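Turn these sequences into a full structure, and let the hints guide you.
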Amino acid sequence: MSGETSSPVQRGEGQPSQGWRRFVENLRNSVQEQAKIFVQSRMAVAGLAIIVFYVIVALVSPYIVPYGPEERIYTAAGEWAKLQPPSLAHPLGTTESAYDVLSQLLLGARIAMFVGLLGAFMVAIIGTTVGLVAGYYGGWIDEIVMRVVDILYGLPFIPFVIVLVTVLGASVWNIILGIALLYWLSTARVIRSEVLSLRERPYVEAAEAAGASDFRIMGVHILPNVIPLAALYAAIAVGYSIVAQASIAFLGFGDPTVPSWGVMLQRAFVTQSFGTAWWWVFPPGLSITLVVTGAYLVGRGYEEVVNPQLQEK
Amino acid sequence: MVNKRYLARRFLLMVVSLFTVATILFFLFRMVPGGPMSAIMSPRMTEAARQRVIENFGLNEPLWRQYLLYMWQLLHLNLGESFYYGQTVKGLIVDRFYNTMVLMLTAFLISYTIGIYLGAQLGWIRGTPKERAAMIVVLLMRSTPVFWTGMIVLYLFAFELNMFPLGGMRGVGAEYSSVSGKFLSVDFLYHLVLPVFTLTTFYTGLPLLLMRNNLLEVLSEDYIDTARAKGLTNRRILFRHAARNAVLPVVTAFAIAIGFAVGGQVLIETVFSWPGLGREMVKASLRSDYPVAQGAFLLLSTIVISMNFLADLAYTYLDPRVRLGGT
Numbered sequence: 235m236s237g238e239t240s241s242p243v244q245r246g247e248g249q250p251s252q253g254w255r256r257f258v259e260n261l262r263n264s265v266q267e268q269a270k271i272f273v274q275s276r277m278a279v280a281g282l283a284i285i286v287f288y289v290i291v292a293l294v295s296p297y298i299v300p301y302g303p304e305e306r307i308y309t310a311a312g313e314w315a316k317l318q319p320p321s322l323a324h325p326l327g328t329t330e331s332a333y334d335v336l337s338q339l340l341l342g343a344r345i346a347m348f349v350g351l352l353g354a355f356m357v358a359i360i361g362t363t364v365g366l367v368a369g370y371y372g373g374w375i376d377e378i379v380m381r382v383v384d385i386l387y388g389l390p391f392i393p394f395v396i397v398l399v400t401v402l403g404a405s406v407w408n409i410i411l412g413i414a415l416l417y418w419l420s421t422a423r424v425i426r427s428e429v430l431s432l433r434e435r436p437y438v439e440a441a442e443a444a445g446a447s448d449f450r451i452m453g454v455h456i457l458p459n460v461i462p463l464a465a466l467y468a469a470i471a472v473g474y475s476i477v478a479q480a481s482i483a484f485l486g487f488g489d490p491t492v493p494s495w496g497v498m499l500q501r502a503f504v505t506q507s508f509g510t511a512w513w514w515v516f517p518p519g520l521s522i523t524l525v526v527t528g529a530y531l532v533g534r535g536y537e538e539v540v541n542p543q544l545q546e547k
Numbered sequence: 013m014v015n016k017r018y019l020a021r022r023f024l025l026m027v028v029s030l031f032t033v034a035t036i037l038f039f040l041f042r043m044v045p046g047g048p049m050s051a052i053m054s055p056r057m058t059e060a061a062r063q064r065v066i067e068n069f070g071l072n073e074p075l076w077r078q079y080l081l082y083m084w085q086l087l088h089l090n091l092g093e094s095f096y097y098g099q100t101v102k103g104l105i106v107d108r109f110y111n112t113m114v115l116m117l118t119a120f121l122i123s124y125t126i127g128i129y130l131g132a133q134l135g136w137i138r139g140t141p142k143e144r145a146a147m148i149v150v151l152l153m154r155s156t157p158v159f160w161t162g163m164i165v166l167y168l169f170a171f172e173l174n175m176f177p178l179g180g181m182r183g184v185g186a187e188y189s190s191v192s193g194k195f196l197s198v199d200f201l202y203h204l205v206l207p208v209f210t211l212t213t214f215y216t217g218l219p220l221l222l223m224r225n226n227l228l229e230v231l232s233e234d235y236i237d238t239a240r241a242k243g244l245t246n247r248r249i250l251f252r253h254a255a256r257n258a259v260l261p262v263v264t265a266f267a268i269a270i271g272f273a274v275g276g277q278v279l280i281e282t283v284f285s286w287p288g289l290g291r292e293m294v295k296a297s298l299r300s301d302y303p304v305a306q307g308a309f310l311l312l313s314t315i316v317i318s319m320n321f322l323a324d325l326a327y328t329y330l331d332p333r334v335r336l337g338g339t
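If you read the sequences in order, they're chains A and B.
Counted the way my numbering counts, the first sequence spans residues 235 to 547.
Counted the way my numbering counts, the second sequence spans residues 13 to 339.
Simulated from the structure, these hints should not be mistaken for lab results.
Here the structure is a predicted model, which means the values were calculated and not measured.
These stretches of chain B come out as covered by chain A in the derived footprint (C-beta under 8 Å, 3 or more residues): (1) 28-37; (2) 146-159; (3) 276-282; (4) 285-295; (5) 306-314.
Far from chain B, some chain A residues (derived; all Cβ distances over 12 Å): (6) PHE257; (7) VAL291; (8) PHE355; (9) GLY372; (10) ASP489.
Using C-beta positions, here's what the derived DEER-type ranges look like: (11) ILE359(A) to LEU19(B): 34 to 40 Å; (12) VAL286(A) to ASN246(B): 41 to 47 Å; (13) GLU304(A) to GLY139(B): 50 to 56 Å; (14) ILE271(A) to VAL106(B): 51 to 57 Å; (15) THR245(B) to PHE355(A): 49 to 55 Å; (16) ALA280(A) to LYS142(B): 18 to 24 Å; (17) VAL286(A) to LEU19(B): 46 to 52 Å; (18) ARG138(B) to GLU259(A): 38 to 44 Å; (19) VAL286(A) to ASN174(B): 41 to 47 Å; (20) GLY139(B) to VAL286(A): 28 to 34 Å; (21) ARG17(B) to ALA283(A): 47 to 53 Å; (22) ILE378(A) to SER232(B): 38 to 44 Å.
Backbone N, C-alpha and C define an ideal beta-carbon position, used for all residues, glycine too.
Written out as structure tokens, the structure is:
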């Protein structure tokens, strides 16, 4: 592919390879432009660093954890080493079931980052597609789509996921399903209004006049310009999704066999150990706060640069 | 000024929303493994109660008849009977509804007062290191999961300092003769402190950020320069001239913020064992008491939908610049 860029591009309307190349080209320009702005914001870079750090933790944790997530720790006397405060052997102490807190914390990053990133991805894909179609076609399609969005806004998120999990069973996938069903709404609204304004740009009109298909205009000319905006919303959705998963797990609707920050907090709460075992309660809560702050910082820092109004005044 | 057509359309949307949510719920609960009947088979229930539930739900009828029956009963606000408590769902959730609203509205009023005041102050000192530090704190507070804050607050003030109760809404043996007596007693307020404090740490962020951003906008207006030229004190400019004009959008966002916050009440109520709608719904779901889970969800959803409706109305009424829905 890269070798072809130097040779003159073979023209031919509707030829898929050319459409694809134009898409990549437009996307690259758009991304490069945005990336330049992005690195100017220290907030955004700091936020990104936090997210990347936790992604790395999630990836390497199975190889570095000192104990299994449900590996019972015994004292010298052969009893369960319950609720041990931090020590050299267990830097974050042990839980009520005599598990190592540090190991659970590190392994918990896996499910958090998995739900966070997959949830954000779903939000971006669904929100962008819906916003793009509604904004581009307008008319009754837009009307129907936006009314559906309005109606879905009436479903409170956490109770809805509780119903889903009650009906379909406690699994991370059902929480992701809930995120996919309800968290795309604001993204779709924002993308739609952006598409409404892009649609009136001269190059879109030119493409229309040249006889390009709707699909081509949406994909090649409009989509690359809204992808950075979708990415911004996806960044914020990383935080939402992680909190959503932890909340559901905390309420007791999580999968208890998978180590996660929410399940850790739920165990600490249900056993009432949180009144004494601060070493068990603080690490997962602080981790959630940090990742979510990271996601917000990425979003806000970026927004501040894109929208100079926010910055200067 | 009032747009009747817009009002009618918006009202219709609200009705359609309620109808759709009720329909979604109906079909979701029919998908429960073993059917909603599975819980009734528990030996807790008497034969008569079992028959009554089967009749109430029309569970031996085809699905579409069941659906019609369900909708018909819903129209008459008949939400059935709890499998667990044996009392009507309506009576149960209305009681829980008050508890939820008292907690949420108290927290909201305090958060909005603090948020508007601090937001105005932060907007005034914009760009200073102090403001940047404060913004980071706000961001951290908004990122903290509210149930975790609740646990930390309980750890500090209930376990360590022994200052406040661990949870619940009233002390052992406390009795009240009336509703106002229940919500105004010292005992109740004592139980209210920690959950309200926890919620406030989370809710304050939104009005604060809104107020700050609005104030930044207002401060660039000409009349602020005029006020400065007149030699007014900073305090007077900020509160008499700038903040007053910046506060309107924050107030109209109140309703929509409540709508968004309703679902999250589940968490705070669980942490503080607050006998509200959300906690009732969690308990009902865990013990397969579907009529209660369904009723509680419907009521939560109704709050969200009506708050969104009120927010839209507030926008059109209070801000003359907003013109929606045609002529």
